[in-house]
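Student: Spelled out, the chains give:
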Amino acid sequence: MAIIVDRKSLGFWEKLYLPAVLGGLKVTMRHAWRSLFKGGQVTMEYPEQRWTLPDGYRGAPYLVRDQEGSTKCVSCQLCEFVCPPKAIKITPPGPNGLPADRKNAEKMPEEFEINMLRCIYCGLCQEVCPEEAIFLQKDYSLTGLSRGELIYNKEKLLALGGTVGGIQKWKHKLEEAKTQEQFPVNV
Amino acid sequence: MSNAATIATSPEKPAVESIKVKVDGHEIAVPRTMPDPITGKPVPTTMIQACEIARRDVPHYCYHPKLPVVGNCRMCLVEFGTPAMGPDRKPLLNADGSPKISKSPRPAIACATPVSPGMEIYTSTPGVKQMREGVLESLLINHPLDCPICDQAGECKLQEYSVDYGQSAGRFVEAKVHKPKAVDLGPRIMLDAERCILCTRCIRFTRDIAGDDALGIVNRGSFNTIATFPGMPFDNNYTLNTVDICPVGALTSKDFRFQMRVWFLKETKSVCSSCATGCNVVVGSREEKIYRLEPRQNDAVNATWMCDSGRLNYKWVGRQDRLKQVQIRNRPGTWTAAVHEIAASLKKAAQGSVAIVASARQTNEELWLLSKLKSRLGALSDSVPRQGEADRLLVSADGNPNSNGARLTRICYTEMGSHIGQIAQGIQSGRIKALLVFGEDVTLHGIGPDLLAKLDLLVVSDILPNATTALAHFLLPGCAHFEKRGSFTNGKGRVQKFMKAVEPPGEARAEWEFLHEIIEQLGGSNGFSSIEGLFNQMAADIEAFHGLKWADLGDSGKTVPI
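Which chain is which? The protein sequence lines are A and B, in order. The opening residue of the first sequence carries number 1 in my numbering; numbering runs sequentially from there. The opening residue of the second sequence carries number 1001 in my numbering; numbering runs sequentially from there.
One or more of the hints may lead you astray.
30 angstroms max Cα-Cα, derived DSS-like pairs, lysine-lysine [to be verified]:
1) A:89 - B:1454
2) A:103 - B:1176
3) B:1100 - A:154
4) B:1176 - A:89
5) B:1181 - A:178
6) A:86 - B:1269
7) B:1181 - A:86
8) A:154 - B:1269
9) B:1492 - A:89
10) B:1269 - A:156
11) B:1254 - A:89
12) B:1289 - A:169
13) B:1433 - A:154
14) A:86 - B:1176
15) A:103 - B:1100
16) B:1066 - A:156
17) A:86 - B:1157
18) B:1157 - A:169
19) B:1269 - A:103
20) B:1315 - A:89
21) B:1176 - A:169
22) A:169 - B:1269
It should be emphasised that the hints constitute simulated quantities derived from the structure, not laboratory data.
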């Protein structure tokens, strides 16, 4: 429901604007004093100098591999669905696609593209991923000479993403199934 | 077995006695009996049917309105009570005069329990909720967490009911029983035995509807698995219906396997064009690409089924060699120029010097426009018959979706194709100088390239290149029926409309649009600019269609006399 907020009419001093101007000048002078005479540095020589990024910083999303070097993504396309700016485009493998790197996972994407010009680093892809295959990492300054260059494909995303281990549920499931192939079944 | 009841239009039945029951406190009247889905004989109405009439959802897996009831999933358990009777066999009354209800001490499955007069059904009591939670928990004991790789995810009843009625956490800590995955059950079906909840819908469908007792359950206890007989593939022409009715991702279509997640698919109501039956379908498409067809319920035509050959007959729509460019004497042209030049030459043509070969794959509207052109030019016209083999369920012997439309619009005669010989003779003798061909390769039907070379004007509209399109003076790229709106009249005279699912490629346009323009240039405006207006005008002109309106066709169509 819309709420209507009445605008307060300005008082005499507010109409003059002078107190606000002076307040602003005060802040400027405080910073000038600190940097000129107190030696406090408030700027940084980017890009030679870089920030130390805090944990949980949300940079560009990349695909990761598991501890055995296999693609973790199973092409479930939830990230493509949830992505607010529609930056992600996945080509599913189809019935005749390459078998997944990880045995028993049955599928992995044939192609996985993120348009980094569209990406808003919101992190929903990471949050929605049931396989922990995509993570927002600490890259924030992506540059390219063309728009096409900033559409990262699966190969590039995997190379940039590195390795993030995990519980390897497909592998465990396969091992569990193998133990059940002998008789008596050992469960 | 008999399939008459599921497929044929049910004739007017004698009135069935109706009884009153209460569902969650709301009193409703339900018929005492309903037709059995397989035999059509009256059988007592069940509680789940009463709940459906009362619009109360009762979750269920094994129950399917078109299949025999087995009652093995236990998901539809509800509580109920019946009026209490005194020793004198008279109903006991409460103090306020209402009948006293004696509540059943144990629940019953709604799908297999008949209703009785005065019965009260409770679908949302705490007890029912607990039972649903319990049933779901035991169904999920051995169900793998495959959702990210499962094609059913998004339209899976196990997912949906887990959200609606299940518990948030599982208590089962033991190892799950593992069963075979990716089992090749037949040429179009892949089975994942782990995901199966053994509802046996697929077994009942293929035994009782398709009439091919191909599937069964093998092994014992937790190792129960759906299987075919050893060495016998599951390959009848209706196998893909089992994928539709499978409530989980156990049976998946090889054609659709890992192609696209279902939540991306735009669903468009359409009609199958592979034979004269005209099964109602839903087209699943994304970004102008068709991914699958699924049957849509229409009890007057196809119940909830369709054949595999029709279902998989969509790939040509996205073929690379589709005709995309208007060609005027083998040079790229524009629609404006082509329509203008065709209309100018037709205007000059003498009466009787034009022939039209239409296609019974065209819509009623297009055929009607062609018949208007025919009567204006005194033209000879016909279309090409397509004979196939009928089966006992859905496939019709007539391979054209709109043969009756072609007959009703008087484009062809009762015996389709009988006048093609006359057209060929006319061209041979030089009497016919112009030929309009729509959607057919006439070189295969008695009008060879030598005859086509004699013509002064050959206008061809088609979708894919063939020997006739190669010789065309004017080549007009047309639309597949998934790319336009229109209506077909099926083999039983049912007029059914279909909607546009995807955009046509390149410059291709719906045939009714440019036919309309040509006719307008020949004889002035005819007062419509949309398919609705065109249909309504056709309905006023053609006797069989009198009284029909585009809007009144609805999703399931209307039957006309043929």
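Student: Need the status of pair residue 103 of chain A, residue 1100 of chain B: alpha-carbon distance at most 30 angstroms?
Tutor: 62 angstroms, violated
Student: Are residue 1181 of chain B and residue 86 of chain A close enough, with their CA atoms no more than 30 angstroms apart?
Tutor: 33 angstroms, violated
Student: Within 30 angstroms, alpha carbon to alpha carbon, are residue 1269 of chain B and residue 103 of chain A?
Tutor: Not OK: residue 1269 of chain B and residue 103 of chain A at ~39 angstroms, beyond 30 angstroms, violated.
Student: Residue 169 of chain A and residue 1269 of chain B were given as a pair; does the straight-line alpha-carbon distance stay at or below 30 angstroms?
Tutor: 40 angstroms, violated
Student: Within a Cα-Cα threshold of 30 angstroms, do residue 1433 of chain B and residue 154 of chain A meet the stated pairing?
Tutor: Violated, at about 59 angstroms.
Student: Hint check: residue 103 of chain A vs residue 1176 of chain B, CA-CA at most 30 angstroms. Holds or violated?
Tutor: Measuring from Cα to Cα gives roughly 18 angstroms; hence the hint holds.
Student: Between the alpha carbons of residue 89 of chain A and residue 1454 of chain B, is the straight-line distance 30 angstroms or under?
Tutor: 53 angstroms, violated
Student: Would the pair residue 86 of chain A and residue 1176 of chain B pass a check requiring their Cα atoms to be no farther apart than 30 angstroms?
Tutor: Judged against 30 angstroms, a Cα distance of about 38 angstroms means the pair is violated.
Student: Measure nothing beyond the straight line between the CA atoms of residue 86 of chain A and residue 1269 of chain B; if it is 30 angstroms or shorter, mark the hint as holding.
Tutor: 27 angstroms, holds
Student: Taking only the CA atoms, is the gap from residue 1181 of chain B to residue 178 of chain A under or equal to 30 angstroms?
Tutor: 13 angstroms, holds
Student: Between residue 1269 of chain B and residue 156 of chain A, does the CA-CA distance stay at or below 30 angstroms?
Tutor: 41 angstroms, violated
Student: Residue 1315 of chain B and residue 89 of chain A were given as a pair; does the straight-line alpha-carbon distance stay at or below 30 angstroms?
Tutor: 23 angstroms, holds
Violation of the numbered hints given earlier is confined to hints 1, 3, 4, 7, 8, 9, 10, 12, 13, 14, 15, 16, 19 and 22; the remaining hints are satisfied by the structure.
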